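**Student:** Take a look at the letters that make up each chain.
There are 4 protein chains.
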Amino acid sequence: MEFEENGIGEECGVFGCVAAGEWPTQLEVAQVLTLGLVALQHRGQESAGIVTSNGASPPTYTAHKGMGLVNTAFAPEALLKLRYGNLGICHTRYSTTGFSELENCQPFVVDTLHGKIAVAHNGELVNAHALRKRVMRHGVGLSTSSDSELITQLLALTPPMEEQDAPNWVARIKNLMTETPTSYSLLVMFKDVVYAVRDPYGNRPLCIGRIVPVSKMHSSGAGEEDTEGWVVSSESCSFQSIGAKYYREVLPGEIVQISKHGVKSLSVVPRPEGDLPAFCIFEYVYFARPDSIFEGQMVYTVRQRCGRQLAIEAPTDADVVSTVPESATPAALGYAQQSGLPYIEVLCKNRYVGRTFIQPNTRLRQLGVAKKFGALTDNFAGKRVVLVDDSIVRGNTISPIIKLLKEAGATEVHIRVASPPIRYPCYMGINIPTKEELIANKPEFQDIAGYIGAASVQYLTVEGLVSAVQEGIASLKEKDERISSSNKSEKRVGHCTACLTGKYPVELEW
Amino acid sequence: MEFEENGIGEECGVFGCVAAGEWPTQLEVAQVLTLGLVALQHRGQESAGIVTSNGASPPTYTAHKGMGLVNTAFAPEALLKLRYGNLGICHTRYSTTGFSELENCQPFVVDTLHGKIAVAHNGELVNAHALRKRVMRHGVGLSTSSDSELITQLLALTPPMEEQDAPNWVARIKNLMTETPTSYSLLVMFKDVVYAVRDPYGNRPLCIGRIVPVSKMHSSGAGEEDTEGWVVSSESCSFQSIGAKYYREVLPGEIVQISKHGVKSLSVVPRPEGDLPAFCIFEYVYFARPDSIFEGQMVYTVRQRCGRQLAIEAPTDADVVSTVPESATPAALGYAQQSGLPYIEVLCKNRYVGRTFIQPNTRLRQLGVAKKFGALTDNFAGKRVVLVDDSIVRGNTISPIIKLLKEAGATEVHIRVASPPIRYPCYMGINIPTKEELIANKPEFQDIAGYIGAASVQYLTVEGLVSAVQEGIASLKEKDERISSSNKSEKRVGHCTACLTGKYPVELEW
Amino acid sequence: MEFEENGIGEECGVFGCVAAGEWPTQLEVAQVLTLGLVALQHRGQESAGIVTSNGASPPTYTAHKGMGLVNTAFAPEALLKLRYGNLGICHTRYSTTGFSELENCQPFVVDTLHGKIAVAHNGELVNAHALRKRVMRHGVGLSTSSDSELITQLLALTPPMEEQDAPNWVARIKNLMTETPTSYSLLVMFKDVVYAVRDPYGNRPLCIGRIVPVSKMHSSGAGEEDTEGWVVSSESCSFQSIGAKYYREVLPGEIVQISKHGVKSLSVVPRPEGDLPAFCIFEYVYFARPDSIFEGQMVYTVRQRCGRQLAIEAPTDADVVSTVPESATPAALGYAQQSGLPYIEVLCKNRYVGRTFIQPNTRLRQLGVAKKFGALTDNFAGKRVVLVDDSIVRGNTISPIIKLLKEAGATEVHIRVASPPIRYPCYMGINIPTKEELIANKPEFQDIAGYIGAASVQYLTVEGLVSAVQEGIASLKEKDERISSSNKSEKRVGHCTACLTGKYPVELEW
Amino acid sequence: MEFEENGIGEECGVFGCVAAGEWPTQLEVAQVLTLGLVALQHRGQESAGIVTSNGASPPTYTAHKGMGLVNTAFAPEALLKLRYGNLGICHTRYSTTGFSELENCQPFVVDTLHGKIAVAHNGELVNAHALRKRVMRHGVGLSTSSDSELITQLLALTPPMEEQDAPNWVARIKNLMTETPTSYSLLVMFKDVVYAVRDPYGNRPLCIGRIVPVSKMHSSGAGEEDTEGWVVSSESCSFQSIGAKYYREVLPGEIVQISKHGVKSLSVVPRPEGDLPAFCIFEYVYFARPDSIFEGQMVYTVRQRCGRQLAIEAPTDADVVSTVPESATPAALGYAQQSGLPYIEVLCKNRYVGRTFIQPNTRLRQLGVAKKFGALTDNFAGKRVVLVDDSIVRGNTISPIIKLLKEAGATEVHIRVASPPIRYPCYMGINIPTKEELIANKPEFQDIAGYIGAASVQYLTVEGLVSAVQEGIASLKEKDERISSSNKSEKRVGHCTACLTGKYPVELEW
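Chains as they are written, first to last, in full-length UniProt numbering: chain A, 1 to 510; chain B, 1 to 510; chain C, 1 to 510; chain D, 1 to 510.
A pair counts as met if it fits within one copy or between any two copies, since identical chains are not told apart.
Cut-off 35 Å, straight-line C-alpha distance, at most; resulting in silico cross-link-like pairs (DSBU-like, lysine-lysine):
#1 K371 x K216
#2 K349 x K245
#3 K406 x K349
#4 K245 x K260
No lab work stands behind these hints: they were computed from the structure. No experiment lies behind these values; they were computed from the predicted model shown.
Produce the entire structure from the sequences given, and follow the hints as far as they go.
**Tutor:** Encoded structure:
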């Protein structure tokens, strides 16, 4: 809940689409891109951008970027001007760093000796500072503070091994991947190709879908010949909304080429010997939409399993179980199922409360969360409530909710958190407060229940979380035969739990 | 769900605030009004308006109206110019009739012989046509097609019994109430007073709250001396968000005067002998926010009871129970509790899908509801699902959801509707499709399950709905001693079920 | 110049168009109306509105109003929705009185017992206060402080002599004209007719044009059969921009009916015995566009004549004559021609200086007019300059210009004003400062040259102005035979000079 | 006139300001920058941008860019965020090339190894294509098609002779100047310094002003100690509007450093032996504001001289002389003075006609220029008119004006153009139509008078134009002793007349 309330931890979403077959095709690529962005809107609401290419030689690129939600940023004229694209990539961004807002919007497009490339990026380069220095030392001016511009310029730099007149984008991408281990899920568009790239640790998600006729969207009978195009997306939840079937994940370290001819795995850049993959475990805990699929399992199911595990680890003597809407609901239902306590709703959320122009005064600040949540008093008056939340970060939003519930008649409020305490910063793309602001690092944490006014507070253990996540993967049968056997070793499972444990997947250089 | 999807049946919300004690007070009335509007935003998203008065003699009124959501319509400058109000009324509107949009926004303000009045109205006058004729015959030009302007001009007309130089607003309001029986919940502001009026049938809701220090908002110890102001609102859900305690409902036919000196019941205009009150039963079924209180009971509880009753009337041989998010959830939980079947979630809603500028093409139309809902496949694959919805109107949105669930693996989908079929138009403020468009009046209704692809479809009976609503009222103890004993006869309970039964509370004149 | 700088004295413009022949015709009425408004934009920049009618029975009216310049207020969608009009009226407004801005925009449309009427008005009713009282006493609420709404409601009131079921708009307009003598130029649209009305004193201008094929616009051979439509406008300058030929003025007191069948004079309401017409003399001095024609003469020519007269009345021993751009240029050229002194330019105006968001500080205030005018130093350094201005009102803008010219090298600056000092308020539609603010009523006026830093200051006399205006009319031959002979007595000429002399055309009632 | 009508030939404006003395000073730099931009608005209306620096170590830069006029692009919040600048540069741009509009706005800011630099540029690099190749070959991606980004990246490239850790911006600027001969007037801001640079040919203007107390703005007594800051601007017309005294021009090839300590000439990069300066002669003819000063003479005076010269070269047997407002007026007055014919006004311009949303139809196209100009018939009916225009480019706007005048009664219309025919493209920053579109290159040019309907058409000769321009410079006494004697050789005068003669100042490389 706290992530949701505070805009903590939101990150970016990337999406791409390539029409299949000979161009121009029937597929309206700009429309698919826009719908894809809308489906990824939960990953970033600050700005959105689309770049399309007509795929010709030389290609014509068309771009539109705008501040705010996709539906605000893409007015009819914007969609009109993008309409001749046969392929394209897009991006939705979560926050502003740097000093001119629109300039930081992605995708970035630059003209190079070999033509224009467009880049969309989700993640954060752990060695960004050193790479910026390197690029600038080469004599390149950087117009933003964005890692994505940095990546774009790194790709523009002619690598030593390349002949000047024969661009080899794949070699350049590989070169980039050797210079920065993580984190990035990347889309690079050049003329008539989109390269989909995931860092060797697979820290950020990326998966591929196949567009088929709507009527065959859910049927298993949609054959190769039905393919209308390909999409690549941070999350699979976008596939259904545009009429695509889930195809497969991009593997950690993999470079996949998507063109009108289809999808082709070009290379898998390996991790250092012994390193496990490090997919961000908070994608499961909070960021992703519950109907997305990672590593073969549905996020909703993992969250529910976390709730069950929490009920095992932290049972409660109480009357009812409830959720802080909306993100904690799967875990709350899991807790209820496992514990046998009845599941009820205790809070009603006003979905219209948002960015308002009201100047806050004392009264408004005192009201706090009450502006946003109505108490469903009759459901819990006189009862002991287990309130399940997905995570606690600063600990400043759960407290007024507990107060609200108690004043509205709850006799006890027990907080159960479906993830472990966050204690460490993330350097791989998640906007987590500084160490000092995290409630888990404060003296108050010793008596957090007293501090926030709860009857008790208990967290899921790291082990509990990891097992709830990995249990589903272990039970997976190998479903996808399209990945060459050399990649099957990827089944060794690992996740990044750095914000919980301080164990970062790579050494941090600053 | 269908109401929510199609904008059917939305209506308006009214809200008012008067600061208590000697003016100027600490209470920022414009801020309270804005927050109140935001809390009533679910009742209307087309436009919003606020009018404040400084309460002086002569008063200075300040107004701002704008299209769209409250947070859009009220930019910082708008709030700034309103800030000197000591009292005010506001309105949020659901749709546009008439030919210049902003002009139809409420509140309406007119200058009369005795000074300016401002009027905000929720409802629809059953004899509007005849009243328009009467007013225009008197020589008044009407600049909009709005009932609210009509009411304003009716109030401006000097009634025969009034001396020209002594305005008697209460007499004028009473006069208005004798001319039109229903439906209206009305706020009339004049100088330093807000009159809160509910039609004799009590068709639309209206209730009063008392603003207290935030710290005493939930405590029973907030005494008279703690009163910082008064609010009056279509729904009580707005009280918590501004720090007010629920005080009481305005009774059917009652005129309540709210001033800096407090709240005073001036009169109760009676219904014709033998007529029962006729509060709109669909406020319970769909319109109101679940944390609002009508007739002493919480809306959520009534909806849950409807779900339980539905489980009794229409039990199902199935594996799981679920909801069409979000409005049907209380009923679905009620059904699950009563039936003993487990409650699960089957659909994930993308809250960012909204008014978009994408031009629909064939593919988009085929995708339909899939753009908005993601299937939580793992939760129901291979299972028989009872899907509870709150109401079915045209029947065109439930069908693609059933298709989606079946394609995603549900073996059977049984539709259970927590209200009876809608068969008749509403002439009292609810925007219901024409009789011909209602699925219940179509031949397809004979085999509606076949038509929409469900394994079975069953509705709550009218008797079941009425008893689920009235059961809670019957069990109420008389809680509020502030209403004079002469009004206690109001306990005879009745509800308007015209759209379900065709029995209108008053004879319709056209 | 001062009017121009300070927005003093701007007023409104009205414009109407009726397509000729059987509907629907080729003529795009909405486009003609928009162009007409743009041509009258100098009469008001605050807001603009258009109402069209399709002329059917019952008619469909379409309206759009917006704040700001015509080109801002009328976006493509607005023009699109207006496009089916066969006739229409429009209005451009100069300032905001009343408390909700858009609501005061004209034209006003109201629904009456006999259908909708639309009204556009230029002027100010001298007895507005009493008329408001009368209307409100009748029980009408007035939603704005605008005289135009008042007129609309006065027209809606059934006059005693009229049968309720037989609307007689002409009788109602006549009735209105007996209730208020001045000032108004009025367009009233009802179904398929536009009534063009000028008050009995002819205080505000109004004239009629005939739309012909563009190719025949300037040819004398455009016959009756070439008529594509009719336009009516505050000023004839709009005719050329839409391709219309000047037809004739609406006479003082005249009601002209314009329909698809043509133009018809219905009536001329007389003035009280002995009263002369009172056309506002400041239309000649400042308000009108120089290419407009009033009373048979071009405004530019009158201004030039004022300059010549000024040179006769107030000759100067100087080297060069110049203007304060742009409004004073015709008078300055007239002065130069009469005096024999060379005409030069001394100031260059930055046309982009306008409403800016820069917060003024001391430096900015000190810079004053220098931000807006550049000195063309080389043209006048070392010379004695006669600077001709059209009028001086508060006297606060000419002073910094004199300073600027002197600092840039002028040895002497002599101010010659092509109109007499303004001493009295206008109650007939011109926004003139209060008596106390007028420089002519201040002690400083005794030594105005010293006060503003000029070598000398001289004004045109009232007699000089009147003779410069009327000289052109006297020499006119009777050109228009279309006016019936009974109206020829209208040739007795008179003008309103109230702001200069305090002699108002009618007794003022308050 | 045609430039004005068609947006042909507009170009950009640059402006900078540095507060003098110890920071923070009283001078509101952001305000000065905004006023400066407004004064240069005639050089570009498409977009505007400001970047300020607080001058600290490391500096904080603040930027704002926006589309449209300065007053639109700089809303209050934008000015607020810029307010802490102690120095800054800004830019107003005339048109859009490249594919994302806002991204092309200047100034450009990039981060380099040595910190951020900001660049504003007026001009066009003749060898841009080759330079782009060079930069991209180095591995730099270019995100826009703008020459200004190119310059910025060229400055970021470490030149061979520079040690990596000791930035030497002046050396880099010099290096840039050796790589591209023309055309650029450039402002480069780095931390606490603005470098003002003009290309060796001086093709684009650039001059320096000194901010003094407003009260001393025009007095000769403003001493060194009165200096509040320094400004640098494309044109001196901006100085008066911000309260600055003209100081001097930046010389061709000169690099001037402006800091809080004052103005310092760092270097003058020479032209190839034998090459003359090549200041764009069209700055005199059309682009500049008439009150600006170039090469010691006022633009207005030069235009007047062109008119006089035209009267000598092309006398006319006619009755009156007039102008196509507003840009041709100085030339028309010069023609009148020289010829002895009376100067009159024939056209009244509607300054509100602008970008409108009206969809053009046949009628509208036929009306053409009539929408914008009103004929002042009485001034010229029955007369032979000499109409002076500043330039003719495509020749499509003068024709309807001649038609208008003739239809309104002119017996003959003689066109006299105060510049020679434009025959060749400009590659140095002026947006001139392609060779094929220029009327001077069309067969119609042989009988241009017949083609446009004039009685006769005559142009100023190239020799006439050059002598009218250079006559004023020759007569100049050396006024400015601040330039070191080594720079005095700059008095050899030359101008770029490439668009008239095809003689480009440098060889063109493509």
